[in-house]
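S.K.: Chain residues, written in single-letter form:
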Amino acid sequence: MSKMTKQEKKNRKRVKPGRLARREAITGLLFISPWIVGACIFLAYPLITSFWYALNNIRITPMGKSFTFVGHGNFTQIIMSDPDFPTQMIDYITSTILSVPIIVVFALIIAMMLNENIKGKGFFRLIFFLPVIIVSGPILGMLTQQGAGSITAIDTQAISGAIESFLPHALAEPISELFENMITILWYSGVQILIFLSALQKIDRSMYEAAKIDGGSGWECFWKITLPTVKPMILLNCVYTVVFISNNDQNAIIELIKGAMFSGTREKGYGYASAMAWMYSVVVVLIVCIFAVLLLARKDVYERQIRKYKKQVRKEKRLAKKIGRRSARNAKKIQKARQKRGYKTYDGSGDY
Amino acid sequence: MKKKLVASMLVLTMVASLAAGCGKDGGQGGGSTATSVSGETEEVTVEGSDITYHKATDLTTDDIELTYFHFDQDETVQYLADRFMEIYPNIKVTVKYENVSTYDDTLLTLVNNQETPDVVMFSDADFALSNAILTDISGFYDTDPETKELASTINECKIGCYGTDARYAVPVKFFPGVMYVDLNVLKTLNIEAPSRNWTWAEMIQLIKDATVLDSPDGQAYYGVGVYNRLDSYYGIAAAQTIQGEFGFDGTDFDLSIWAVGEQEFADLATGGYRAPATETQEMEDWAGDWEAWSGATGHVALFTEAFWTYQGTWATEAFQQYDLDIVPYVVPAVSEEDASADHHSIATIDFGGVTTACKYPREAYELLKFMSFGVDGWNTRIEMYNDTSIVNASGLPLKNDVMPAPITTNEEVWSAYIDMYCDGMDETHKGYWEEYFASCMQPIPYGWTSIAGYWNYCDEYFNKIGIHTLVDSGEKKAADFADEATTKANYYHAKAMLEYFGPDSLYNVLTEEQTQLYEQMLEENSN
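Keeping their order, the protein sequence lines are chains A and B.
Note that the first sequence covers residues 946 to 1297 in the numbering used here.
Note that the second sequence covers residues 9 to 535 in the numbering used here.
Mixed in with the good hints there might be a few duds.
Which stretches of chain B does chain A cover? Using the computed rule of at least three CB atoms under 8 angstroms from a CB of chain A, they are [what the hints assert, rightly or not]:
1. 113-121
2. 359-369
Some chain A residues flagged as far from chain B (calculated, every beta-carbon gap over 10 angstroms) [to be verified]:
3. Leu1000
4. Ser1011
5. Ile1042
6. Leu1116
7. Ser1162
8. Phe1189
Because the hints were derived from the structure by calculation, they are not lab data.
Beta carbons: idealized from backbone N, C-alpha and C, even for Gly.
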């Protein structure tokens, strides 16, 4: 396709859209305007406001808010003089990075089981989704307080002891906590199971049949058919799980931010809490990015082989072109030399 | 066209709902300008009640609305509000209840949304003062004859003034400090009941004497069952000059006093004199039930339970089966001299005030008084407590649901209160209560309700270090912390005084001398 000339571009700009097109554009805008307005009011405005709050010391009084600009003071204070926040943040990062894969893998296994042809499939699906309703709100907190967060049959003390015997304490502690809160972690997987289930149900059964005819085992079918198909959902579920864990009622950092928000201490308050929230948001985004990078970069073996092959073909083509160009150049040189008669062969005849 | 119509309707609906959601109260306009209480009243009665009310005549006659925000017993407050509206038909009172755990958060959200209630209860003074929620009610308080009848320490120690010359709060709910003694346990163990004017040392001795780990009935007896910590009690009981926790004398803290009580309390734990706590292995081993409460075992001599535990638990029918004979003792003073007379003792007091956003402070003050210490309000309460048909959400009469004691010393109120409180008791036990009530009227509230900077100090230093845990476990001695903890407490107090009331603050009520004092205190204790 040839490029447009400047004049053509100029002329194109001058063409006004027709009435119908304009109407459609306005209708479209009207349809998405609730979202735009909502996003502006409930997303952009609070974001900008909270960032402005983070740069100020704020007291909320019945006479109005009093702002004192402190620049990065709130951020500095959180890092330098609030021992709780960095400690909780490290705990949060390690526990999230460790528990997200567990939740996602568990959800995938359960989804695959629920996708099988078993009796009472709907009932089992209901059972696994019920915690999503139960764990919302303060109920989970109450259940955890009652010790319902861990599997009683598992001797968590023994597991913790065993882990600590071969791992450094800093790493052993979050892993031990995983075992102590195993039930809670598994309860977090209800929505992820549904997402995986929807992806699994879209896989064409004939692919499995074809694979079986070619002698593929169940294990191979999983790696070659199931996993590549549900892979986009793994990333989606990872993101969902990170966001869920980060905004959960049980999250200690959320409690810390809320505590700072309503604290009577003059240094704290909305400004300090906003600074904490921003720092926390950045960390959450980074964790999401880590999972995105890990999962987007990983291609399955088949795709990797195809990409490798395509890369090889492209390389060979480039080499062939290069050789072709070089040969053409050499041929031209020889031609010129022949014309000038400056080129001689070893035997002196001038013929190649 | 249809699409456009649908889209337009969507937009309109959304904008309308947004406007409705974000709409603010237009306010009541006007406002009253009264700055004092005239004291002039007219007698009124309301239908269905024998009480003669003293209706203040200096209140507005315009139709106004007041909001009362609280974490009190909701049915009680609603009953009082209804009666207030019957006395003052032109004033509409809207009662808003919030659970104490989310109370501050909700109140601040209301303030942020410019929906500040007119009258509020609070327990954390730092929260209320740092956000300038409370307005100065000195004008009303000082000219109100009823405030002269309040428990003596409220005016003498200027409780509710927070170290200033202005008054910001009045006590709303008063739960005097009490030591409960189970006479049946003493009888079983052949221990003589302590003197009614007992001293701190006698109390400790009783705890030790009543601890019998190898009792003949197979279940150990313990000296004390703990709800409130004894170190808090000791901090007030140590001397009559003390006006607050941690040895606070009105300006400075001295935690060397607290350290004695803290260490003594920790020693009781390590010495095995304290009954096991609920939901511990020790409790299961002792009482055979993980969730058992020491107050129901009949094997504990003394309890540091709250005032409301008696009517709320021990006096209920369900507890008659446990064969307990619980009687109240006043919290003992440390010195014999103090113990022989009425003395300062710790009390749980929740405060209330009129907010800075209130447009009708005179009327709001009258409402606050009716809900807290006012004689008319208390007569109404007693009438309500006597009526056992009025019950809470659990079907329990309101008398059994965290009932406070009157903070007024008005004799009529007290006489009616004791009759109501001791209904069904024999003369001996009524005598115990009468004696106790006559000796508990020099209350000193917990620090977080009455001292500026106290909660911030606990939040950022005392509790963060975990001093109680360290001392209780025997890991550290309380005296090790006394000096540093005193310095920190003084620092936080001085800082709070300057921030809340100093020249650059919203209140700006400190005199030059007071400002200099706190600045110097801040400097001296800043390291």
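S.K.: Closest CB-CB distance from Ser1162/A to chain B, is it above 10 angstroms?
M.R.: Holds, because the least Cβ-Cβ distance between Ser1162/A and chain B comes to about 51 angstroms, which exceeds 10 angstroms.
S.K.: Quick check: the segment 113-121 of chain B, covered by chain A? Criterion 3+ residues, Cβ under 8 angstroms.
M.R.: Result for this restraint: holds, n = 4.
S.K.: Take a quick look at Leu1000/A and tell me if its Cβ sits farther than 10 angstroms from every Cβ on chain B, holds or violated.
M.R.: Check passes; 18 angstroms lies beyond 10 angstroms.
S.K.: Confirm or reject: Ser1011/A is not an interface residue toward chain B, with every Cβ-Cβ distance exceeding 10 angstroms.
M.R.: Ser1011/A is in fact no farther than 10 angstroms from some Cβ atom of chain B, at 7 angstroms.
S.K.: May I ask you to check that Leu1116/A keeps its beta-carbon over 10 angstroms from the closest beta-carbon of chain B?
M.R.: holds, 26 angstroms
S.K.: A cut-off of 10 angstroms on Cβ-Cβ distance, and Phe1189/A was said to be off the interface with chain B. Does that hold?
M.R.: holds, 23 angstroms
S.K.: Establish whether the coverage given for the segment 359-369 of chain B by chain A is satisfied; the threshold is a Cβ-Cβ distance below 8 angstroms, and no fewer than three residues must meet it.
M.R.: holds (count 3)
S.K.: Does the claim that Ile1042/A lies off the interface hold, with its Cβ farther than 10 angstroms from every Cβ of chain B?
M.R.: For Ile1042/A, whose nearest Cβ neighbour in chain B is about 28 angstroms away, the distance exceeds 10 angstroms, so it holds.
The structure does not agree with numbered hint 4 stated previously, though it agrees with all others.
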